[in-house]
Structures are given as structure tokens and as C-alpha cells.
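Visitor: The listed protein sequences derive, respectively, from chains A and B. Its first residue numbered 1, the first sequence is counted upward by one per residue in my numbering. Its first residue numbered 1, the second sequence is counted upward by one per residue in my numbering.
Since the hints were derived computationally from the structure, they do not count as laboratory data. Some hints here could point you the wrong way.
Below, a list of computed lysine-lysine pairs in the DSSO-like style, where the Cα atoms sit at most 30 angstroms apart [what the hints assert, rightly or not]: (1) K50(B) x K3(A); (2) K7(A) x K70(B); (3) K3(A) x K70(B); (4) K54(B) x K3(A); (5) K3(B) x K271(B); (6) K3(B) x K7(A); (7) K61(A) x K35(B); (8) K7(B) x K271(B); (9) K302(B) x K70(B); (10) K35(B) x K7(B); (11) K7(B) x K70(A); (12) K271(B) x K70(A); (13) K54(B) x K35(B); (14) K35(A) x K271(A); (15) K61(B) x K7(A).
There are 2 protein chains.
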Amino acid sequence: MGKRVGKRSVALDAPPVIIASACTVGGKEGEGPLKDSFDTISDDSYFGEKTWEKAESRMIKNTVASVLAKAALSPGDIELAFAGDLVNQCTVSSFGLRESGIPYFGVYGACSTMAETLALASMAVSSGFASNAMAVTSSHFSTAERQYRMPLEYGGQRPPTSQWTVTGCGALIISSGGAGPRVTGITPGVITDAGITDANNMGAAMAPAAHDTLTAHFEDFGRTPSYYDLIVTGDLGFTGADILRDLCRRDGVELGSGYTDCGMLIFDREKQDVHSGGSGCGCSASVLSGYILNGMRSGRWKRVLFAATGALLSPTTTMQGESVPSIACAVSIEV
Amino acid sequence: MGKRVGKRSVALDAPPVIIASACTVGGKEGEGPLKDSFDTISDDSYFGEKTWEKAESRMIKNTVASVLAKAALSPGDIELAFAGDLVNQCTVSSFGLRESGIPYFGVYGACSTMAETLALASMAVSSGFASNAMAVTSSHFSTAERQYRMPLEYGGQRPPTSQWTVTGCGALIISSGGAGPRVTGITPGVITDAGITDANNMGAAMAPAAHDTLTAHFEDFGRTPSYYDLIVTGDLGFTGADILRDLCRRDGVELGSGYTDCGMLIFDREKQDVHSGGSGCGCSASVLSGYILNGMRSGRWKRVLFAATGALLSPTTTMQGESVPSIACAVSIEV
Chain A
1 MGKRVGKRSV
11 ALDAPPVIIA
21 SACTVGGKEG
31 EGPLKDSFDT
41 ISDDSYFGEK
51 TWEKAESRMI
61 KNTVASVLAK
71 AALSPGDIEL
81 AFAGDLVNQC
91 TVSSFGLRES
101 GIPYFGVYGA
111 CSTMAETLAL
121 ASMAVSSGFA
131 SNAMAVTSSH
141 FSTAERQYRM
151 PLEYGGQRPP
161 TSQWTVTGCG
171 ALIISSGGAG
181 PRVTGITPGV
191 ITDAGITDAN
201 NMGAAMAPAA
211 HDTLTAHFED
221 FGRTPSYYDL
231 IVTGDLGFTG
241 ADILRDLCRR
251 DGVELGSGYT
261 DCGMLIFDRE
271 KQDVHSGGSG
281 CGCSASVLSG
291 YILNGMRSGR
301 WKRVLFAATG
311 ALLSPTTTMQ
321 GESVPSIACA
331 VSIEV
Chain B
1 MGKRVGKRSV
11 ALDAPPVIIA
21 SACTVGGKEG
31 EGPLKDSFDT
41 ISDDSYFGEK
51 TWEKAESRMI
61 KNTVASVLAK
71 AALSPGDIEL
81 AFAGDLVNQC
91 TVSSFGLRES
101 GIPYFGVYGA
111 CSTMAETLAL
121 ASMAVSSGFA
131 SNAMAVTSSH
141 FSTAERQYRM
151 PLEYGGQRPP
161 TSQWTVTGCG
171 ALIISSGGAG
181 PRVTGITPGV
191 ITDAGITDAN
201 NMGAAMAPAA
211 HDTLTAHFED
221 FGRTPSYYDL
231 IVTGDLGFTG
241 ADILRDLCRR
251 DGVELGSGYT
261 DCGMLIFDRE
271 KQDVHSGGSG
281 CGCSASVLSG
291 YILNGMRSGR
301 WKRVLFAATG
311 ALLSPTTTMQ
321 GESVPSIACA
331 VSIEV
């Protein structure tokens, strides 16, 4: 069961447990600062397949197998899966889970998808709709780049505000019992549009959504940023994270040293030439499933606010002169 | 709260109420057999906008305004909205709800989206995560046709198994109290792939998914088709509905005269030249929000099983030689 808290949030009465997490990333991510936190690093961007879309589905399939093995569960033990990605019609998720036999709800939250799948899976478990639910999210540099921007062969120049779509997948199993970090609260996102029309500046487009959701979260629960050991957005990148800090500061709220962003964590800004950082829903998915949850299990952080952000655009909306509406969904995870 | 029933289903302990529904369709749909059940029929396929994508967002916006007016609620009274469509990155939904201020979860279930949004909204309400939730789903012939198939100007020939994507939107408000039909059970879909590779024969691709979900539903709840006054899939069309009847018959299950399909209902097969019937998630959305729920309110049907089906393909998966995985989500609605 859930309890409405404040205007927009819910508290989970019986906080479900993240009993297992797994993540897979590509070669570039595997050379970054978080390399030790990933379960699998694939130097083959095709993951043994013939197309990048099939590669991304294969990455999902492998990550799902890995998280099931960690939890010592079989697909038949998972009663609901919530999954999403960036590819048109979310097909890499549906093909990735095609043979699993797991009851399936596809979601689309752009780069906020990991928070959305986690939120919905947690709601389903805490309400008795499932004993074990799965949240799966992925992105792939090569599927996203050619679909959202230009063919890779075109070699387009990237402006300093642009981010690098992560090749990565994260999968979580959320259960009614067991040991692990617990999902205690959810603040869903409201679509926010700051009027940004530059599709190469997603950080600026998404920061106002993160600001809106974090503000609602703190108000609803009567908390300040200091309640959390770690507040992590994903993926505002360096540009967007700076804007978010400024927006909060205007309200008199200091996010402080406990704030960071998945897009800032996953690549080395100096050495890896990614400009404003990582992006893609696989970024926050793999950082949450590895680095963050590992840190919670090891006692490094007790209270984490995971607020994934998504830019709800498409190449069509950009071509039609539209601005970039964005959303952020926040999930509080506590040990 | 929900209670697991059988292997795959859930029963809703406090069945949430569909307190209001609204639907908008295009001109062709408004000339069909269900014309009197639609709230709004627009002869302008642009809905006053300059592009079809903006038209679809405008249709969503209008339908949301209409359902709110019927329920005498304001957007601020809706605590969660679940919405989805067929357009790449689900942008017509996010743009349609951009100014609403309603907390938003985007979903993607292809043509099963109306059942998915209704299922998730019902779960959220019955568990106390929201007092009022909204389920919104749309499709538009012209956005879908040019995105999934060919530019309209190309004038491609349509084979007899092809279906006509409905221009339509349905919106429901699901509440913890009030009067109206109630959502009593949900059987989520499992991805099913019968190996069909003809993207112009969606009925054949989706019928096995409908068969799988209906079979699970009847088993889980210990029911036969005769429990329901109306079993309605959406959108198998004439071809797919025949296949579904055959598949059930092989199991010794007769769907009987209480079975029909939204894609068969919405157009006049003889006069409207739609070949195998209607499709697109706006088809089942507008048929449910108008014809079916009106019929339940007037006492024509007491128990309805609404099983929307989706083909989880994209033009990319078709070009890469993949078959068409499908899914069906069933929701039982009772007065």
C-alpha cells in the first residue's frame, strides 16, 4: 500500500526491497571512473549481433540473466517486468524480454526511464500485485545517435553542451521481502518546459524538471537535501547539474556536496572527450545498478535520492520547431 | 491493494471506479457504425494545427479537457496520469499533457496501450497511490501511416489483411470512490511471438498474444467466456479475431457471440474500405471510452473483459528481418 504524502508524493508503507541489481556497459563506459562497479563490460559494441538494435536487446537479455542469477531466481519467479529504452517503439526492450515469459509493461520516460520502472515496480510490489518485480532500462550510443541525431558515419560536430549517450543497461529485482536497500518514497514527475529548443543542450532542458521534482519531494516529505547522504540526478551532465544547483540556490536551497549526477560520474571529463558528460537512460540505469546500490550495500550511503531526468523530445518535434519538454521522477532509497 | 490470483493475474480488493470517460475521433471514424458513441468528431484531421503530430497532441488535450469536465474535476485533482501513443518517443502524449501539470508516467504498449494505462491507473488507485488517476491513449492515421509505413503521398497498396489506423483518443478517470463501472481484475500480457513477419498482417501476429492472455485470465480466475457479457479485443480486426476464435476452439473454449473486437466495430467493413478493420491504440481507446462504457452505464452489459493487443514492432525491426512480437493486456470491468 501507499500513502499520499503532500501534494505529489507517495510513501510506501511496506517498503519493497531491491534484492539484486546487475549492469552491463560498453567499452567506453568500461574505461571510465566507475569501471569497477559494472558487472559486465563488453568491448564489442555489437554484443555479438549484426545490428546495434539487436546488440542492445542482447545487452538487455544478458543483464536480465545476470540479475536473475544474482537473486537466485528464474524468470518464472518474476511476476511483472517494467522496461523501457530510447529506441523507436521501445523495441529493444520488447525484443530483449521476448523469450523471458515475464508479464510485461513497457514504459517510456526517455532518460528518466530507470526511475520510472523502479517507481512502478516498487508500487506494484508494495501493493501486493507482485512478490517479485523487475525494472529494466537500457540505452546504446549507436542506436540512439543514429536515431536521434545523425548517421554515425556523418561525423557531426558536437557542441560543448552535448552529452554522450551511454551504452549500458541496468536491471533490478524488487521484492516484498529479503535483504537490501528499500524503496521508501516516490515523487513522480510533472512535464516541465523551459522553452529550450537546442536538442544538443539536454542538460539545460532537463534541469528545470529536476528542480521541480526535487522541490516537490523536499516539500512533500518535509525534508532538506541534508536528509540524504547522496542526491543523484541522471543525466543532467555538467551543464545541467550547474543549472540545477543555481535553480535550487534561488529558492535558498543548497544541494551541497552530497549532490551529483550520473552523467558526471560515468565518464572522465578530461580524458574521455564527452563534453558535458553521459546521457541516455542506460547511464542512470547502470550507475544506479552498480555504483550507487553497491555503495548502499557497503554502508557508504544510507539514504539516497535517485532522480532520473528525461527529455521528452523526438527528431520530429525538433524539426517541427518545438521546445523540449522534460520530466524527472524521484525515488528515495534507504538502508 | 491487490491480490495475486492464479499464476499471472491480480484482483483489485477495492475495485476502483471509472467515474468518467471521453473520446474524440476523426471524420472517417465519425462516419462509422459507432458514430453516436463518440463525444467529439473532428472533420479536420489537423485539429486546427499545422502538422499531424501537433494535431494528435491537440486531440489528446481536447479529450483530457472533456473527461475532466465530465467528472467536474480540474487537472490539479488528478494525482497520476498514465498515457501513451504510437508516435516515436511517445511525444504526442507528452506534448498533449505538457501544460496539464499532472504527474505523468509515459507507457508504451503499442495498440495494447489503453489496457496498459487503465491497468496501471487502476492499480495505483486501488493501492492508495492516487485518489484520481487518468488513463489516456491515442493514435492518428496520418502520424502512424507515415511513421510505420510509407509517406501518405506514396499511395501504397494495402493487402486484404491490413488494418486502418484509427484517428482517435480515449481518456478515463479512475477514482477510489464515485459511481460507474469498476475495474475488478487485471491479467498483464506476456510477449508472444508466432513468427509472423508480415507487417501488414498485425491480426495474425497479435491473435496468439490475445489467446495467451485470455487463456491465462480464464484459468487464473476459474472463469469461462460465459462469465462475461462482452469480451472485446482491440485491435485484431477481422483476420485476427477469426484466428483467435480458432485458437481458443482448439483448447475447447468457445468465445461465443459475446466476443467481438474494437477493430471490427469501429468501421463499416462493406462501405468504408478498411480491409481487415481498424487498428491503432486510439481504436480500442475510443471504443472503450465511448461505446463500451456507455453500454455498461446503460445496463446493456454488466461484465466486460477488455483485452487490448499490441504488436511490438517498429519499421527498423521489420527492415532487420525480425518477426512481430505481440502482447495483450486484459482488464475486467464490472458494474
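Visitor: Evaluate each hint against the coordinates.
Guide: Hints and how they fare:
1. K50(B) x K3(A): Status violated; Cα separation ~43 angstroms.
2. K7(A) x K70(B): holds (23 angstroms)
3. K3(A) x K70(B): The given pair, whose Cα atoms are some 27 angstroms apart, holds under the 30 angstroms limit.
4. K54(B) x K3(A): violated (37 angstroms)
5. K3(B) x K271(B): Status violated; Cα separation ~46 angstroms.
6. K3(B) x K7(A): Since the Cα atoms of K3(B) and K7(A) sit roughly 28 angstroms apart, the hinted pair holds (cutoff 30 angstroms).
7. K61(A) x K35(B): violated (45 angstroms)
8. K7(B) x K271(B): violated (44 angstroms)
9. K302(B) x K70(B): The hint holds at about 22 angstroms.
10. K35(B) x K7(B): violated (39 angstroms)
11. K7(B) x K70(A): holds (23 angstroms)
12. K271(B) x K70(A): Violated, at about 58 angstroms.
13. K54(B) x K35(B): Holds - the C-alpha atoms of K35(B) and K54(B) are around 24 angstroms apart, at most 30 angstroms.
14. K35(A) x K271(A): Distance ~14 angstroms between K35(A) and K271(A) Cα, so the pair holds.
15. K61(B) x K7(A): holds (23 angstroms)
When the structure is compared with the earlier hints, violations turn up for hints 1, 4, 5, 7, 8, 10 and 12 and for no others.
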